[in-house]
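> What follows is the residue order along each chain.
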Amino acid sequence: KAGVTQTPRYLIKTRGQQVTLSCSPISGHRSVSWYQQTPGQGLQFLFEYFSETQRNKGNFPGRFSGRQFSNSRSEMNVSTLELGDSALYLCASSPGPSVNTEAFFGQGTRLTVV
Amino acid sequence: ELKVEQNPLFLSMQEGKNYTIYCNYSTTSDRLYWYRQDPGKSLESLFVLLSNGAVKQEGRLMASLDTKARLSTLHITAAVHDLSATYFCAVGYYGGATNKLIFGTGTLLAVQP
Chain A
1 KAGVTQTPRY LIKTRGQQVT LSCSPISGHR SVSWYQQTPG QGLQFLFEYF
51 SETQRNKGNF PGRFSGRQFS NSRSEMNVST LELGDSALYL CASSPGPSVN
101 TEAFFGQGTR LTVV
Chain B
1 ELKVEQNPLF LSMQEGKNYT IYCNYSTTSD RLYWYRQDPG KSLESLFVLL
51 SNGAVKQEGR LMASLDTKAR LSTLHITAAV HDLSATYFCA VGYYGGATNK
101 LIFGTGTLLA VQP
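Protein chains in written order, with the working numbering: chain A, 1 to 114; chain B, 1 to 113.
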C-alpha cells in the first residue's frame with residue numbers, strides 16, 4: 001500500500017515568487033491536512049481538506065491557500081514568498097477528519113526562500 | 001486555545017536506562033497521538049490513545065493517557081541507540097470553527113552508547 005507522496009521534496013525560491021506543493025494521500029483516504037514545521041515555531045496547522053472542501057484553517061495569512069481534487073490529491077500554494085516561509089511543509093493523510101482519526105505523514109517538502 | 005507542553009525538551013540518556021517524556025495539555029481532549037521524527041525525515045505514527053486510562057506498548061516504548069489530569073506519558077525502557085529521535089505528542093482540539101491536531105514542542109532524545 002503506497003504511503004503519502006509529496007512533491008517536490010526540495011524547492012528553492014526567491015522572495016516575492018509563488019510556489020505550489022503537491023500531496024497525494026493514501027488510497028481511500030479523503031482528508032489531507034497541511035502543516036508547517038520550523039525550528040522556532042514547531043509544527044503548526046495550516047489547513048485541512050476533506051472531500052474537496054476546506055474544513056479547518058489555521059492562523060496563517062491569506063497568502064497560504066490550498067485545494068483538493070476529486071481524487072483527494074491536494075495542492076498548497078504560497079504567494080508572495082517571504083524569507084520566513086522557509087520551512088518543511090508536511091501533509092498528512094487520514095480516512096476521516098484528522099482530529100478524529102490517525103494521520104499518516106508524507107516525507108515533506110523543504111522550501112527555502114532566498 | 002489548547003496548549004500542549006512537552007518536557008523535557010532535550011533528553012540525553014545512556015543505553016539501558018529508563019526514562020519518561022511528559023505531555024501536558026490545557027483543555028479537555030480525549031484524543032492523543034505520539035509521533036517519532038528522525039532528522040530530516042517525516043513523522044512516524046507511534047501510538048493512538050483514545051480514552052482515559054489507555055495504555056499501549058510497542059517494543060521498548062509505552063504510552064499512557066490520563067484525560068482527567070490532561071497528561072500523557074511516553075515511557076522508554078532500557079533505551080537503545082536506535083530510539084534516538086524527536087518525539088512529538090499531538091492532541092485533538094475541537095474549537096468549533098476549527099478542529100485540528102495541536103502538536104507539542106517535541107522532545108529530542110539522544111541515547112548514548
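Accuracy of the hints is not assured; some may be wrong.
[Stated by the list, open to error] Subject to a maximum C-alpha distance of 25 Å in a straight line, what follows is the list of computed SDA-like cross-link-like pairs (lysine to any residue):
1. B/3 with A/37
2. B/3 with A/12
3. B/3 with B/59
4. B/3 with A/44
5. B/41 with A/53
6. B/56 with A/102
7. B/41 with B/68
8. A/13 with B/39
9. B/41 with A/12
10. A/57 with B/68
11. B/56 with A/96
12. B/3 with A/61
13. B/68 with A/102
14. B/41 with A/84
15. B/41 with A/70
The set of hints was computed from the structure by calculation and includes no laboratory data.
> Which hints, by number, does the structure contradict?
Hints 2, 3, 5, 7, 10 and 15 contradicted; others consistent.
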